[in-house]
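For the record, the sequence lines run as chains A and B.
Sequence positions in the first sequence follow this note's numbering and run 1 to 474.
Sequence positions in the second sequence follow this note's numbering and run 475 to 869.
Please keep in mind that the hints were generated in silico from the structure rather than gathered at the bench.
Fair warning: this is a prediction, and the values are worked out from it, not measured in the lab.
From the three backbone atoms N, C-alpha and C, an ideal C-beta is built for every residue, glycine too.
Keep in mind that a hint or two might mislead.
Unchecked claim - Calculated cross-link-like contacts (lysine to any residue; reagent style SDA-like; alpha-carbon spacing at most 25 Å):
#1 A:K387 x B:G719
#2 A:K442 x B:E634
#3 B:K587 x A:R339
#4 A:K31 x A:R186
#5 B:K587 x A:R410
#6 A:K118 x A:H213
#7 A:K455 x A:L327
#8 A:K325 x A:D17
#9 B:K587 x A:L340
#10 A:K334 x A:P321
#11 A:K364 x B:T721
#12 B:K520 x B:N565
#13 A:K334 x B:I596
#14 A:K387 x B:H605
#15 A:K325 x A:D140
#16 B:K782 x A:E444
#17 A:K355 x B:S727
#18 B:K782 x A:G446
#19 A:K355 x A:E458
#20 A:K364 x B:M726
#21 A:K216 x A:Q245
To be verified - Example chain A residues on the side facing chain B (calculated, C-beta under 8 Å, incomplete):
#22 Y344
#23 P376
#24 M432
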Amino acid sequence: MTGIVSYGAYIPIYRLDLEDIEKVWGTQRGKGAKAIANCDEDSLTMGVEAATDCLQGFDRKMIDGLYFASTTPPYREKQTASIMAAVLNLRKDVFTSDFAGSLRSGTNAIRAALDAVKAGSVSNVLVVAAECRLPAPDSDFETQFGDGAAAFIIGASDVSLEVERIFSTTSEFIDVWRTDNDLYPRTWEDRFVLTHGYLEITHDAILTTINEHNLKPADISKAVFSAPNQRAHITMAKKLGFDYQRQVQDPMFSVVGHTGAAHGPMMLAASIEQAKDGDSILFSNYGDGCDCFILKVTDHVERIRHGKGIKKNLSSHMKLPNYGKYLHFRNMLKWEADRLPPPYSSLTTYWRDRKQILSLIGHKCINCGKVQIDFPVQRVCAWCQSKDNFEEVRLADERGTLFSFSMDERTRDLDLPSIMAVVDFDEGARFMTVMTDRDPEKIEVGMPLEMTLRKFHEGHGFHNYFWKCRPVRD
Amino acid sequence: MESIKDKVAIVGMGCSVFGELWDKSVDDLIIEATSEAFEDAGIGPKDIQAAYAGTVTGYTGAAISRALKLQYIPITRVENECGTGEDAIRNAAFALASKAYDLILVVGYEKLKDYGYGGLPIEITKMPVVHPVYETTNTAPGNYALAATRYFERYGLSREEGKRMLAKVSVKSHYNGARNPRAHLRRKVTIDQVINAPIIAWPLGLYDCCGVTDGAVAAVMCRTEDAKAFRDDYVTIKGLGNSAGPTQGAMMSNYDYTHWEETEHAARQAYEQAGIKNPRTELDMAEVHDCFSIAEVIAIESLGLCEKGRAKEDIDAGTFTQEGSLPINISGGLKSFGHPLGASGIRAVYEIYKQIQRKAEDPSRQLKNVRMGLAHSQGGQPGKFVCGVVIVGAP
Numbered sequence: 001m002t003g004i005v006s007y008g009a010y011i012p013i014y015r016l017d018l019e020d021i022e023k024v025w026g027t028q029r030g031k032g033a034k035a036i037a038n039c040d041e042d043s044l045t046m047g048v049e050a051a052t053d054c055l056q057g058f059d060r061k062m063i064d065g066l067y068f069a070s071t072t073p074p075y076r077e078k079q080t081a082s083i084m085a086a087v088l089n090l091r092k093d094v095f096t097s098d099f100a101g102s103l104r105s106g107t108n109a110i111r112a113a114l115d116a117v118k119a120g121s122v123s124n125v126l127v128v129a130a131e132c133r134l135p136a137p138d139s140d141f142e143t144q145f146g147d148g149a150a151a152f153i154i155g156a157s158d159v160s161l162e163v164e165r166i167f168s169t170t171s172e173f174i175d176v177w178r179t180d181n182d183l184y185p186r187t188w189e190d191r192f193v194l195t196h197g198y199l200e201i202t203h204d205a206i207l208t209t210i211n212e213h214n215l216k217p218a219d220i221s222k223a224v225f226s227a228p229n230q231r232a233h234i235t236m237a238k239k240l241g242f243d244y245q246r247q248v249q250d251p252m253f254s255v256v257g258h259t260g261a262a263h264g265p266m267m268l269a270a271s272i273e274q275a276k277d278g279d280s281i282l283f284s285n286y287g288d289g290c291d292c293f294i295l296k297v298t299d300h301v302e303r304i305r306h307g308k309g310i311k312k313n314l315s316s317h318m319k320l321p322n323y324g325k326y327l328h329f330r331n332m333l334k335w336e337a338d339r340l341p342p343p344y345s346s347l348t349t350y351w352r353d354r355k356q357i358l359s360l361i362g363h364k365c366i367n368c369g370k371v372q373i374d375f376p377v378q379r380v381c382a383w384c385q386s387k388d389n390f391e392e393v394r395l396a397d398e399r400g401t402l403f404s405f406s407m408d409e410r411t412r413d414l415d416l417p418s419i420m421a422v423v424d425f426d427e428g429a430r431f432m433t434v435m436t437d438r439d440p441e442k443i444e445v446g447m448p449l450e451m452t453l454r455k456f457h458e459g460h461g462f463h464n465y466f467w468k469c470r471p472v473r474d
Numbered sequence: 475m476e477s478i479k480d481k482v483a484i485v486g487m488g489c490s491v492f493g494e495l496w497d498k499s500v501d502d503l504i505i506e507a508t509s510e511a512f513e514d515a516g517i518g519p520k521d522i523q524a525a526y527a528g529t530v531t532g533y534t535g536a537a538i539s540r541a542l543k544l545q546y547i548p549i550t551r552v553e554n555e556c557g558t559g560e561d562a563i564r565n566a567a568f569a570l571a572s573k574a575y576d577l578i579l580v581v582g583y584e585k586l587k588d589y590g591y592g593g594l595p596i597e598i599t600k601m602p603v604v605h606p607v608y609e610t611t612n613t614a615p616g617n618y619a620l621a622a623t624r625y626f627e628r629y630g631l632s633r634e635e636g637k638r639m640l641a642k643v644s645v646k647s648h649y650n651g652a653r654n655p656r657a658h659l660r661r662k663v664t665i666d667q668v669i670n671a672p673i674i675a676w677p678l679g680l681y682d683c684c685g686v687t688d689g690a691v692a693a694v695m696c697r698t699e700d701a702k703a704f705r706d707d708y709v710t711i712k713g714l715g716n717s718a719g720p721t722q723g724a725m726m727s728n729y730d731y732t733h734w735e736e737t738e739h740a741a742r743q744a745y746e747q748a749g750i751k752n753p754r755t756e757l758d759m760a761e762v763h764d765c766f767s768i769a770e771v772i773a774i775e776s777l778g779l780c781e782k783g784r785a786k787e788d789i790d791a792g793t794f795t796q797e798g799s800l801p802i803n804i805s806g807g808l809k810s811f812g813h814p815l816g817a818s819g820i821r822a823v824y825e826i827y828k829q830i831q832r833k834a835e836d837p838s839r840q841l842k843n844v845r846m847g848l849a850h851s852q853g854g855q856p857g858k859f860v861c862g863v864v865i866v867g868a869p
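With the hints as constraints, model all of the structure from the sequences given.
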C-alpha cells in the first residue's frame with residue numbers, strides 16, 4: 001500500500017502582527033499575525049528546512065525522487081529540486097522535478113509521487129512544498145498571505161498514512177493569477193470568485209471522493225482542506241456538514257497565514273501530529289481544480305513524530321519589529337542608490353566548492369581525526385599537515401556552540417546588526433559564519449546553535465546560498 | 475643565519491599629513507612624503523638606485539616612478555595587507571645587506587577616501603580572499619570584535635569592565651594624537667565619550683576603531699657603514715620579523731582569539747636578532763598595530779610587553795602612557811594618527827626615528843631617552859594574520 005512514510009514542516013521564525021499592517025494603512029486587518037520569511041529565506045531554503053525535518057531518522061540513500069512544489073520558486077528558469085537534492089546530499093540518480101504555477105502544485109506533486117511509487121519506477125519520493133508569495137501592499141492578500149513549507153516522504157513500505165483513494169478535478173476557472181509581468185498576484189471580485197471557484201469546485205470534489213469511498217462526512221476523523229481565507233473555510237465545512245470544532249483541521253490563518261502551494265500540505269502535516277491509528281483523514285487542496293485524498297492512519301504514525309513539525313515551529317517565533325523591516329525583507333521599495341560595489345560572486349568558484357557550499361561538507365583527517373572546514377577547500381590538514389588524506393563529513397545537520405561573536409552595525413545585511421559567529425561543532429570542527437533568526441539581546445558565548453541554509457546575496461545575478469547558524473529552535 | 479642587526483641604517487624619512495585628503499591624489503601623497511625624506515637625507519631622486527613600494531590598494535610600484543619620474547630603476551611592490559609597511563622595510567634592508575644596491579627608497583602609500591562610502595573600500599578588502607559566500611559579510615571591526623568578546627570572556631570581564639578597559643586605550647591614543655600635527659583625528663576624548671559612542675561592531679564602538687586615512691611615508695636607507703655620509707643621527711635596524719600564518723585560526727577549535735600567534739612568531743625573530751631578552755624593559759617605546767582598541771591590548775601581550783591577561787592592570791596603572799615606563803603609540807597610533815594600510819608600518823618607524831633623534835613634532839610629545847623602539851603591524855583577521863615587526867635604534 002502506498003502512502004506517507006514521514007512528514008516535516010517549517011514556519012519561519014518572524015511573525016508580522018496584522019495590527020502593524022493596520023497601523024501603516026489605516027484600514028482594519030483583524031487580529032492575529034502572519035509568518036514572514038526572514039530576509040535571507042525563500043521557497044528553496046524553507047523547503048530545505050521542511051525536508052530536513054522530514055528526513056530525520058531516515059537514511060537519505062533510500063530517497064530516489066525529489067519533487068519540489070511552489071508558485072514562487074527562486075528561479076523562473078532553473079530547477080529548484082536539483083539544488084535541493086544537492087543541499088540534502090541525495091543520491092546522484094535521484095529523479096528531480098519541479099511542480100509550479102498552481103496553488104494545487106503541492107498536492108499535484110504528492111499525487112505524482114504516489115503514482116510513481118505505485119508504478120514501481122521509484123520506491124521513495126521526497127515531496128517538498130514551500131511558498132513565499134509577495135502580496136501587493138495594502139491589499140487583502142497582504143493580510144492573508146504567510147510563508148512556510150511542508151515535506152513528505154511518499155513510499156510503499158512502513159507507511160504511516162495509507163492512501164486509500166485519490167480523486168482529482170481540473171478547472172479553467174481564473175481566480176488568482178500572476179502573468180510574467182505581474183509582481184503581485186491578482187484576483188477578481190471575491191464573491192464571484194469564491195462562489196464559482198473555491199466553494200463550488202472543492203465542494204463537488206470532496207463530495208465525490210467520500211461518496212465513491214462509501215463514506216459519510218461523519219465518518220471522517222479529520223477533514224483537512226485548504227481555503228483562501230477563514231470565512232470560506234468555515235463556509236465549506238458547513239456546506240459539507242463537518243463539525244468545525246471536532247472534525248476540521250485548523251487552517252492556521254491567524255497564526256501563519258495562507259501559505260499558497262504549501263498551505264494544504266502544512267495543514268496535513270499538522271493533522272498527522274494529532275492523528276491516531278485507524279483515523280480516516282480527508283485531505284483536499286484547491287487551485288485550478290481540486291486534489292482529494294482519503295488517508296488511513298496506521299500504527300506507524302507514532303514513530304515519526306520526532307521532528308519539529310508544525311507544533312514546535314509554531315511555538316518558536318519572534319515578532320517582526322515593524323512594517324518597515326518587512327518592506328526591507330521583501331525589497332518592496334525603490335531604495336537609496338547603493339554606493340557600495342555589487343556583491344561579488346563567481347559561478348566557477350561556487351561550482352568548485354559546491355559540496356562544501358551547498359551541503360556544508362567538512363573534512364576529517366584520516367591521520368589525526370580532526371574535522372575541519374575552510375574555503376577554498378583545503379588539501380593539507382591544519383592540525384597535522386597530512387596532504388590529501390581526508391574523508392567527507394556532513395556538518396549541515398550537526399549542532400554546535402557559539403565560541404565568539406560580534407554584532408556589526410555597518411554591513412549591507414538587511415537585518416542589522418549582522419552577527420558574526422564562530423561556531424564550534426560538536427564534531428570538533430570550527431566554522432565562521434553569520435547568525436540568523438536571532439534576538440541580538442539574547443546572544444551569549446556558549447549558546448547552542450544549529451545550521452540553516454540561507455541566501456547570502458544575489459551577486460552576479462544568481463542566488464548565492466550558504467549555511468548560517470541560528471539559536472536552536474526547539 | 476646571520477642577524478641583520480646594525481647592518482642597515484635609515485638616513486632620511488618623510489611623512490605626509492594624514493587624513494581625509496579629498497584634494498590630494500596618491501601621487502601628491504608620494505611627492506609630499508618623499509620630498510621630506512630626500513631633504514632629510516640630503517639627497518635627490520636621482521641618487522636612488524632602487525625602491526620598495528608598500529601599498530595594499532592596487533597601485534603598482536610604478537606609482538612611485540610615475541609621481542617622481544624616476545627613470546627606469548627597479549621598484550618592487552610589497553603587499554601583506556596591513557602588515558605591508560614593515561615588510562617593505564625588511565625587503566629593502568635585505569637588498570642593501572646583499573650589496574645589490576647602496577641607496578634605497580621605501581615608500582608606503584594609500585589613497586582610501588575616493589570610494590564614496592565609509593569604512594575600508596570593499597574592493598580592496600575582498601579581492602585578496604575572493605570567495606562567493608565564505609566570510610562575505612566579515613568586516614575588519616567585526617573580525618576584531620570577535621577577539622574582544624573572547625578577551626572579556628576569558629578574563630572574566632563584564633561587558634562594562636571590558637568596554638572601560640578598551641576605552642582607556644582609545645583615550646590615551648587620542649590624547650597623544652591630538653598633539654601630533656600630522657595626525658588624522660586630532661581631538662581628545664573622554665572615557666565616557668568612548669563608552670557611549672555608537673556601536674560599530676559590538677563590543678567595539680566608534681572610538682574603538684581607527685580612522686580610514688589617506689597618507690604616505692618614505693624612508694631612505696643605506697648600509698650602516700655609509701650612513702655617516704648622510705647624517706650623524708641615523709638609526710639602524712636592530713631586528714626584523716615576519717610571520718605569515720597558515721590562516722587556520724578561524725578553523726581550528728584550539729585558537730582562543732586572545733593572542734596573535736603571528737605576532738608572537740615575528741616578535742621572537744626580531745628580538746633574537748636584536749639580542750632582546752626582556753622587551754618590556756629593553757624597549758623604550760613601541761608603535762603597535764591598533765586598528766581597533768582590542769588590537770592594541772592583545773598586541774601588547776603577544777609582543778611580550780606584558781604578561782598574558784595582565785594588560786588591563788598595566789593600562790589601569792598607566793604603564794603605556796607618555797609618562798609610563800613603556801609608552802605605546804605615542805604618535806596617536808592608527809587610532810588617532812590614522813591608518814593608510816600599507817603606509818602604517820613605515821609610519822610607525824617614522825615615529826621611532828623622530829623620537830630617537832629628539833625631533834618629535836610638538837615638543838610636548840617628545841619622550842625622554844629613546845634608544846630603541848619597536849614597530850608592529852599585522853594584516854588580515856584574528857587567526858589569519860601576516861605580521862611584520864621592525865626594531866630600530868640608535869647605532
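Against the structure, the hints:
1. A:K387 x B:G719: holds (18 Å)
2. A:K442 x B:E634: holds (17 Å)
3. B:K587 x A:R339: holds (13 Å)
4. A:K31 x A:R186: holds (24 Å)
5. B:K587 x A:R410: Between K587 of chain B and R410 of chain A the Cα gap is close to 17 Å, so the pair holds against 25 Å.
6. A:K118 x A:H213: It holds: about 19 Å lies between the C-alpha atoms, which stays within 25 Å.
7. A:K455 x A:L327: Holds. K455 of chain A to L327 of chain A sits at ~17 Å (cutoff 25 Å).
8. A:K325 x A:D17: Holds, because 12 Å separates the two Cα atoms, which is no more than 25 Å.
9. B:K587 x A:L340: holds (13 Å)
10. A:K334 x A:P321: holds (21 Å)
11. A:K364 x B:T721: Judged against 25 Å, a Cα distance of about 18 Å means the pair holds.
12. B:K520 x B:N565: holds (21 Å)
13. A:K334 x B:I596: holds (23 Å)
14. A:K387 x B:H605: The given pair, whose Cα atoms are some 22 Å apart, holds under the 25 Å limit.
15. A:K325 x A:D140: holds (20 Å)
16. B:K782 x A:E444: Given that 25 Å is the threshold and the Cα spacing comes to 24 Å, the pair holds.
17. A:K355 x B:S727: It holds: about 22 Å lies between the C-alpha atoms, which stays within 25 Å.
18. B:K782 x A:G446: Roughly 23 Å separates the two Cα atoms, so the pair holds.
19. A:K355 x A:E458: holds (19 Å)
20. A:K364 x B:M726: The given pair, whose Cα atoms are some 12 Å apart, holds under the 25 Å limit.
21. A:K216 x A:Q245: Satisfied, since the Cα-Cα distance of roughly 18 Å is no more than 25 Å.
22. Y344: Check passed: Cβ of Y344 of chain A comes within 6 Å of chain B, closer than 8 Å.
23. P376: holds (7 Å)
24. M432: Given a least distance of 5 Å, the restraint on M432 of chain A holds.
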